[in-house]
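Asks: Spelled out from the first residue to the last, the chains are:
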Amino acid sequence: MFDGQDHVQSATDSSSQSAAARQKWTLTQDAFDKLLLMLGSGDRESGSQKYLEIRSNLMRFFEWRGCSFPEDHADETINRVARKVAEGEEILNSFGYAMGVARLLLLEIIKSRQREQSALTEMGTASEAHSDSDDGENRVTCLQSCLQTLSTENRELILQYYQGEKGEKIQNRKRLMERLRIPVNTLRMRALRLRERLQGCVEECLERA
Amino acid sequence: MAVDLNSEKLIAQYLLGELPEEQQIEIEDRAFEDEDYLTAITAVENDLIDEYVRHELSETERRKFESRFLASAERRKRVEFAKAFAKVAAESTVPKKIELTPRTVSWRESLEAFIRGLNPAARFAFAAIVLLILLGGAWLMTETLRLRTQLTQLQAENQSRQTERQSLQQQVETERRQNEELAARLNQEKQQREQSEDSLRQLSETAETTNPAPRPIIAALTLLPGMSRGAGEKPKLLLPENARLVRLQIGIDPEEPYQTFSAELRTVAGRQIWTRENLTARAHRGARAVGLTLPATALKPGQYELKLSGVAEGGRSEDIGFYYFDVIIRHD
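Residue numbers (my numbering), protein chains in the order written: chain A, 1 to 209; chain B, 1 to 332.
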């Protein structure tokens, strides 16, 4: 059963990393329970599912908007919503409300662009430092190993799906659709799932190494 | 939701931060309402990352990409993965010919691909249809077997009935033959009986003729042909009072061709007294006579006329002659 303890701690940590100065209100267990009950219309279990779905979408939103800490911003958004719920505000469309709060938070983030840009520059340097040639070689080795765990059909599919440039890539995908006799959405979904699976496999492989 | 190439271009512009705020909000709202659209955005995101690591983006796009995609650690991981993937894909031994020539897809692969391409609801519906088809097939097979069994039983019953019918026909035929044989035997016995009766009658007549009974109970008279009513003395039958029978011997021409005769006895006044058919003639010492026996009580004193007719072929009756006699009661 989902208890939200990790999230409370994570939210507290992330707020210390990004917007600690702004955040005077902290998420309590009671406020989080109220939030889950509100999201699930009285059912805490379904509220937990809804919470995870909203958090995932908020992370995507901040990622698409080019934010450095999508996960932290998502948690900050949820904290602000939880605060409103704890204060007794009635929320009818929880996700729409959360997206509204997220966009306000994004405006705040944009206003502090200078500080974000500095952080980005630092992270970029750190990234370049992180992705040295040894790490790159290890990643390739892990990927080759992970590819072998796929079936021949899936291995051919993902290699052909992402093979080629621009027009050639489009033609490859059309051929795959014709060969497998599946619509574009299905092919795209299969390729995405395989890519996510491979990436997860590679990350685990690197951690073991 | 299906996304065409233009939409992918629009999504790429969104991801690179090239769209106005309103359009960005529109895309985001749609993405969180439509799972297919969300998938399309992720796919375009991956393509952009691949194009970046392959140096396929323009300089402007590259700068925008770096400002957006290299900002978060999660995305940087994806970029690192894409670099490794591009290297492995370039070294991969997937033959170009196989890529260009669509390989023959077995029905099983096609079915699997088809099922994978369905959404959960469609998969459930497909499974339900397959289940229905299987159940229907099983039911049809069971029904077919049941009907075949019934057909076999009916054929056996029909065969049994035919055999029974043939047996009954044979039985009827046998009984018919037995009936015919019985009828033939009956006819034969009837003929034999008639012959016996004739023989008995002849014997009786012979016995009467050859052994005239002295007893007074039978009176006899012989009538000769050629005697008319008014011609002289007519024959007289002296009838004793206690006589029981009268025996008339009617003489005929020996050349008469008839086999059977009939006799009709009347009074002179024309009243019919006695008739007899199927009489036969008997020859004796060159003469022929027809015998007629009748009860004595039929005759009263007086004059009588007897007409004798011959029965020709075809049953036609022809008169032969008329005989006249008187009856006188004798009182002893």
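Among these hints, one or two may not hold up.
[Stated by the list, open to error] Rough simulated footprint, nothing fancy, chain A against chain B, three-plus residues with beta-carbon under 8 Å:
| # | region |
| --- | --- |
| 1 | 9-23 |
| 2 | 34-43 |
| 3 | 73-81 |
[As the list claims (entries may be wrong)] In silico lysine-lysine, BS3-like type, Cα no more than 25 Å apart, as pairs:
| # | chain 1 | residue 1 | chain 2 | residue 2 |
| --- | --- | --- | --- | --- |
| 4 | B | Lys64 | B | Lys83 |
| 5 | A | Lys34 | A | Lys50 |
| 6 | B | Lys77 | A | Lys166 |
| 7 | B | Lys236 | B | Lys307 |
| 8 | A | Lys166 | B | Lys236 |
| 9 | A | Lys84 | A | Lys111 |
| 10 | B | Lys87 | A | Lys169 |
| 11 | B | Lys236 | B | Lys300 |
| 12 | A | Lys174 | B | Lys77 |
| 13 | A | Lys169 | B | Lys64 |
| 14 | A | Lys169 | B | Lys9 |
| 15 | A | Lys166 | B | Lys87 |
| 16 | B | Lys64 | A | Lys166 |
| 17 | A | Lys166 | B | Lys300 |
| 18 | A | Lys169 | B | Lys307 |
| 19 | B | Lys190 | B | Lys300 |
| 20 | B | Lys64 | B | Lys77 |
Quick caveat, the hints were computed from the structure, so don't treat them as lab data. The structure displayed is predicted, hence computed values, not measured ones. Virtual Cβ for every residue (Gly too), placed ideally from N, Cα, C.
Asks: If a hint holds in the structure, say so; if it does not, say that too.
Replies: Evaluated hints:
1. 9-23: holds (count 3)
2. 34-43: holds (count 7)
3. 73-81: holds (count 8)
4. B:Lys64 to B:Lys83: holds, 18 Å
5. A:Lys34 to A:Lys50: The hint holds at about 13 Å.
6. B:Lys77 to A:Lys166: holds, 23 Å
7. B:Lys236 to B:Lys307: Between Lys236 (chain B) and Lys307 (chain B) the Cα gap is close to 17 Å, so the pair holds against 25 Å.
8. A:Lys166 to B:Lys236: violated, 160 Å
9. A:Lys84 to A:Lys111: Holds, at roughly 24 Å.
10. B:Lys87 to A:Lys169: holds, 16 Å
11. B:Lys236 to B:Lys300: It holds: about 12 Å lies between the C-alpha atoms, which stays within 25 Å.
12. A:Lys174 to B:Lys77: Outside the cut-off at roughly 29 Å; violated.
13. A:Lys169 to B:Lys64: holds, 23 Å
14. A:Lys169 to B:Lys9: Distance ~15 Å between Lys169 (chain A) and Lys9 (chain B) Cα, so the pair holds.
15. A:Lys166 to B:Lys87: Given pair Lys166 (chain A), Lys87 (chain B) holds - Cα atoms ~17 Å apart, limit 25 Å.
16. B:Lys64 to A:Lys166: holds, 19 Å
17. A:Lys166 to B:Lys300: Given pair Lys166 (chain A), Lys300 (chain B) is violated - Cα atoms ~154 Å apart, limit 25 Å.
18. A:Lys169 to B:Lys307: violated, 141 Å
19. B:Lys190 to B:Lys300: Outside the cut-off at roughly 38 Å; violated.
20. B:Lys64 to B:Lys77: Status holds; Cα separation ~18 Å.
Figure legend: structure checked against the earlier numbered hints; hints not met, in rising order: 8, 12, 17, 18, 19.
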